[in-house]
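Fit chain P to the supplied structure of chain R, relying on the hints for placement.
Taken in order, these protein sequences are the chains called R and P.
Each residue of the first sequence is one higher than the one before, counting from 626 in my numbering.
Each residue of the second sequence is one higher than the one before, counting from 142 in my numbering.
Hints are computed from structural coordinates only; laboratory data are not their basis.
There's no promise every hint is true.
[To be verified] Across the chosen pairs, the derived CB separations fall in these ranges:
| hint | chain 1 | residue 1 | chain 2 | residue 2 | range |
| --- | --- | --- | --- | --- | --- |
| 1 | P | Lys158 | R | Arg685 | 39 to 47 Å |
| 2 | R | Gln639 | P | Lys159 | 43 to 51 Å |
| 3 | P | Lys159 | R | Asp632 | 36 to 44 Å |
| 4 | R | Val669 | P | Asp171 | 16 to 24 Å |
By construction, the Cβ of each residue, glycine as well, lies at the ideal position given by its N, Cα and C atoms.
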Amino acid sequence: SQQGEEDPQALSIQEGENATMNCSYKTSINNLQWYRQNSGRGLVHLILIRSNEREKHSGRLRVTLDTSKKSSSLLITASRAADTASYFCATVLTGGFKTIFGAGTRLFVKA
Amino acid sequence: EADIYQTPRYLVIGTGKKITLECSQTMGHDKMYWYQQDPGMELHLIHYSYGVNSTEKGDLSSESTVSRIRTEHFPLTLESARPSHTSQYLCASSEHRTDYGYTFGSGTRLTVV
Chain R
626 SQQGEEDPQA LSIQEGENAT MNCSYKTSIN NLQWYRQNSG RGLVHLILIR SNEREKHSGR
686 LRVTLDTSKK SSSLLITASR AADTASYFCA TVLTGGFKTI FGAGTRLFVK A
Chain P
142 EADIYQTPRY LVIGTGKKIT LECSQTMGHD KMYWYQQDPG MELHLIHYSY GVNSTEKGDL
202 SSESTVSRIR TEHFPLTLES ARPSHTSQYL CASSEHRTDY GYTFGSGTRL TVV
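Pulled out of the complex, with its shape left as it was, chain R reads as follows (with noise of 0.2 Å):
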């Protein structure tokens, strides 16, 4: 796997119910990222965990890191058709000089 895979590649559910992501690295980070991105525009940053952290929540995002498995999971609860995205994780690694982004969840909400 490459540095930063996402999984799923794509997920599909109904509003109102939970969404996870999960991300996989292989190399030591000083920080995970996630981002969204609509359609054709620009990506958007939602949160960032420290490598010295396992669990941070912003409104309805919450994110995990273990650092033993050198995995992340971000969950969208109560999912809202406006959540219907691409969401990317983002590693930066050790030293801070590089940041890699993974390929994306695509996220489909059904209203």
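Leaving out everything else, chain P in the frame of chain R:
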């Protein structure tokens, strides 16, 4: 999202033309980046800058060039466009700190015919 501006939003040009994609940010960020992204695919870093008069090539080989004469401005130039350059180009900026996220522009969708 309104603090980093990319123009044009869409561009269709003929093969062999020279083009410049503009990117400006009003946040005073030291670091700026250009990414190339095909639809539904991952982002590939093509150029970056850590400050005025500092530019580096990224991971993806690119026939483009960049300049950073002013902190707020980071234009990308293609000397001779080819159909293989058809893609979306995203500009981003960030503070110097490593624990700070990127701010992205809305992108330029380039089609070379």
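Status of the given 16 to 24 Å range, CB of aspartate 171(P) versus CB of valine 669(R) = 21 Å, holds
query = Between lysine 159(P) and aspartate 632(R), does the C-beta distance stay in 36 to 44 Å?
reply = Holds, since lysine 159(P) and aspartate 632(R) (Cβ atoms, about 41 Å apart) stay within the stated range.
message = Given the hint of 39 to 47 Å, is the C-beta distance from lysine 158(P) to arginine 685(R) inside that range or not?
response = 45 Å, holds
task = Could you check the hint for me, namely that glutamine 639(R) and lysine 159(P) are 43 to 51 Å apart, CB to CB?
result = 49 Å, holds
Against the hints set out earlier in the document, no violation occurs for any number.
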